[in-house]
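Asks: This is what each chain is made of:
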Amino acid sequence: MTIASSTQFICFIALSAAVAIGALGVVLLPNIVYSAFLLGGVFLSVAGLYLLLNASFVAAAQVLVYVGAVNVLILFAIMLVNKKENLAAIPGLALRRVLSGAVCAGLFALLLRVAFSTPWATPGPEPLGDEATIRIGEHLFSDYLLPFELASVLLLMAMIGAIVLARRDVFTTDIATGEPADQGLIEKSRTPLLLENSGPANAGLEAPLLETNP
Amino acid sequence: MVTVTAGLQASLLATTTAATTAGVVAPGLDLEASFTDLLQGLGLSPGAAHLLWLPLPMLLVLVAAVVGVLVNVWLERKISAAVQQRIGPEYAGALGILQPMADGLKLLWKEDVIPARADGLLFTLGPVLVLVPVILSWLVVPFGQHLLISNVGVGIFLWISLSSIQPIGLLMAGYASNNKYSLLGGLRAAAQSISYEIPLALAVLAVVMMSNSLSTVDIVNQQTGAGILSWNIWRQPVGFVIFWICALAECERLPFDLPEAEEELVAGYQTEYSGMKFALFYLGSYINLVLSALLVAVLYLGGWGFPLPVEWIVGLTGQPIDAPLVQVITATTGIVMTVLKAYLLVFFAILLRWTVPRVRIDQLLDLGWKFLLPIALVNLLVTAGLKLAFPAFFGG
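Residue numbers (my numbering), protein chains in the order written: chain A, 35 to 248; chain B, 542 to 937.
Treat the hints with caution; some may be incorrect.
[To be verified] Derived DEER-like restraints, expressed as beta-carbon distance ranges:
no. : chain 1 : residue 1 : chain 2 : residue 2 : range
1   : A       : Leu162    : B       : Leu593    : 28 to 36 Å
2   : A       : Ile170    : B       : Gly816    : 43 to 51 Å
3   : A       : Glu172    : B       : Leu601    : 35 to 43 Å
4   : B       : Val673    : A       : Gly163    : 19 to 27 Å
5   : B       : Leu601    : A       : Val132    : 55 to 63 Å
6   : B       : Leu636    : A       : Gly163    : 32 to 40 Å
Keep in mind the hints are simulated off the structure, nothing from the lab.
Every residue gets a Cβ at the ideal spot worked out from N, C-alpha and C, and that includes glycine.
Only chain B is shown next, with the shape it has when bound in the complex (with noise of 0.2 Å):
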């Protein structure tokens, strides 16, 4: 599954060069080949050279998450302290950067307690069915034309079908803690994840509709060629602002955290859980957030993109695009863009926490029933004759 064909790739190229006016578009830095040359060049066999290569994408993205939850979780700290002036951690280490750390650390060494009369197993398997559709959902983004786990034809609806899981985790931790507010929150969490993937489906749609495929790397490349000027938000302003509600609703954040509301249900599904297993939740949630900030990078705001086209301005210096030295650089700027502007999204996420009271939950349905839903069908419309009235502007 992790391998890119040459038939994929044949026929990707061919899409991009399709949608892109530009001409030529930088192949990329494509790591597996050559680490895999590396290897057959040393003796081994191509079959042995993968298995040796399937690990480290899968380790180096896990890795990846969970120092992007610190960094997350720092921002967090500080950005709240800043928004009501006060100073925030700042004696671990340099400016608190390592509060994070000793968060994670006391509650790893807290007390893992199962109430009397909770379901063991059940109460277990909760968090860890929360957390891990979320780190899987990492399979589909990219931070460069070859660089993500697996490319996988059905690209962001793997995201969609995964993120439709953890409902299950939750109410199974709901249902198990035998807490009645754990059990509103379960079905309160469970309510707030159907109404809301509805929206976020269609507004992915839209997005799908522009590029012809789910695969997350076509959705990108069919962005670039003009720079900042042929990124997704432009023809897909509404989509835009459904997308980015629905995620936040999705991953509990404030305006919509009705499910671990605490002046209303304690923490909700969390009430009962502490030490490790309640670690998995606080993961899980900062995971998903950081993972809805990258996919919103990626489908509106040009994924890896430079806000000016790379090809153009690798063409004034003259060089080759395919030179090493210049495909190490391109690959760099990609990654540093992606995860730029997925941190810009985090630190609007944070800021509308610390600033935005919480919806009803009657207001919260309404707002997904009878607001959203319409709003993306119509988008959805809109760009269907949008795209067979200018073909050219809207991916043919």
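If we strip away everything but chain A, and leave its shape as in the complex, we get (with noise of 0.2 Å):
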């Protein structure tokens, strides 16, 4: 075995036990914070995963597009609304971890039995390295056009909806419950930041500062 092959074998198997433990974190942690910031590092394995195997576009793409932007839109909305407080118990929930606990081992069952009874083969075709890029691009104008332009069809669909709910103040009535929408948020008026008379607004003034530095 070569320095490099024998560098790569225990690369692969680095990167393997990475995103198996890894991914066994994000499910089984119970602090959110910690399986989020767990599933940034299984993206970058999964992205080393594709380094050894050629594809440093791939690679690349899924660091930029998993760990740049879907992760820190995770921890970005985990972190806006990470409240502390104790959720109440679900009743049987020992009985729901051991029937989600066997319908995953049964997936789990089902792709070994697939892994193993695929003849797949060995050695797979020749990696393109930095060609690549300019096949992935051909792919993508070509053949894949249909898929590639319903996938921003998609992404527009995400946005318009993003805008919708952000927007609410443009609706004068919620559009899923027909009831008069909220538009205090936007309307609400300042707190003034210096008040004329000492007296009771003082105290109105003074209980959220208190309510926020428990």
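Combine the two chains into a complex, taking the hints into account.
Replies: Written out as structure tokens, the structure reads:
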């Protein structure tokens, strides 16, 4: 075994272990912030696996899209709503866990069976290396044009949805429920910074400060 | 990954001869080939020679990055002093040149505090995650035809993707500090980083479209031929401005340093950090500034190119272009030119920091999404149109 191939083997073992253990951590850890950070680690390890397969463009795209965009957005969402609260215990939690564990074990067994029964062609086709970028571009604009365009339509839909959710003030009624929409966030006037009469108004100013400073 | 294979070299030369009409392009100094040849002459196998070569450029670039930061800190102190009509550091070494060393040593000896209610693991991992991608990005910075760690095919795209890891480290540091200012700073950093990455990538895409390659070496080679006239800044003036603004925003330099705005957030995500962990943030931000300046030089200012074509000057002296002495001189000129261009841009960044006031967060996001993004898209469209109309000038 040459130095290059043994290095590659060690890297493969390390990356695979990182993916497997990281993915288990994402699912099993109780702290959602740890799960989100571990998810980033799993994405990075998968990018490393792509790199081992000589697919450097796919690896870079994986890091850019999954780590740089998806994972950052997940973290962003978690941290914007991160409020320490004890969730009420769900009835029959043990039974639910056993059931979901059984479903996952079944899926795992199915995948293992597929992996072992498929006649894999080893060694696979010769990797393209740096020309892969050109080949991916050619495919995206010829035979994969329709999926490519559909994906962009999907993104457009997501964007319109986000705008509708963020700009509730345009509608006088809520689209989903038909009730009058709450426009409090937009039209609420600010608390003046300097209060003229130092009476009960001061107490009103201090109350929110005390709340945020436990 | 580090080897530049013969096939790649051939294709590279083919693209350069296609892109430039001036004819011969200097092959440049190939230290790796000389080094492995020397070791193989001593009786080592090619694999072992390659293995011995591998750590050398990496260590060299790491040292160069750290020395670059020291120079940068000194420049920052001296230029800020000059802007404010002070003298600045003057006792530590001649002209205060040892002041950054003193700063670094001070941080090294400071107590490393982890706040009691902080999350120790994430608190330690945060600065590391900020620094590592920045240093990894030096992989693709070329100082000459063969003077870079690795001429990877994805080149500049690798830098864009690596720089997108950084906000995770900032979020991690902000969350783990258990401090509302830190958390706000981390969130602001992530929002800013995501917003400015898009126009940045679009500006890079216009350059990539002209040079038909993502590789940084090809991008520079496409700008050789007519010296200063063939640099990308004349063909991409708008892209240059967009890229520079976005690079400053990604580095969190002053017009856009909201994540650590002192008046609002104490020091943002760095609030709880001290000692070496704070030094990692500090190092990361300055390495990032030097790296961004180097990449602006590579993308828009002709990289290692001299303002007059080197081939033309060598032709005047009557020497063959691949004579050993000529190769050493051209390679040295290339390194000096790259660093000179980069530090000129660093000078502008520092001058901007001490003259321009900070923008507000809503102005920052407005600038990114409502101004730079449409301009970058139009720039891309115009570049594509010009490329179709004048293939000789805008890369065939």
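Asks: Next, verify each hint and record whether it holds.
Replies: We went through each hint and held it up to the structure:
no., hint, in the structure
1, A/Leu162 to B/Leu593: 28 to 36 Å, "holds (30 Å)"
2, A/Ile170 to B/Gly816: 43 to 51 Å, "holds (46 Å)"
3, A/Glu172 to B/Leu601: 35 to 43 Å, "holds (38 Å)"
4, B/Val673 to A/Gly163: 19 to 27 Å, "holds (25 Å)"
5, B/Leu601 to A/Val132: 55 to 63 Å, "holds (57 Å)"
6, B/Leu636 to A/Gly163: 32 to 40 Å, "violated (49 Å)"
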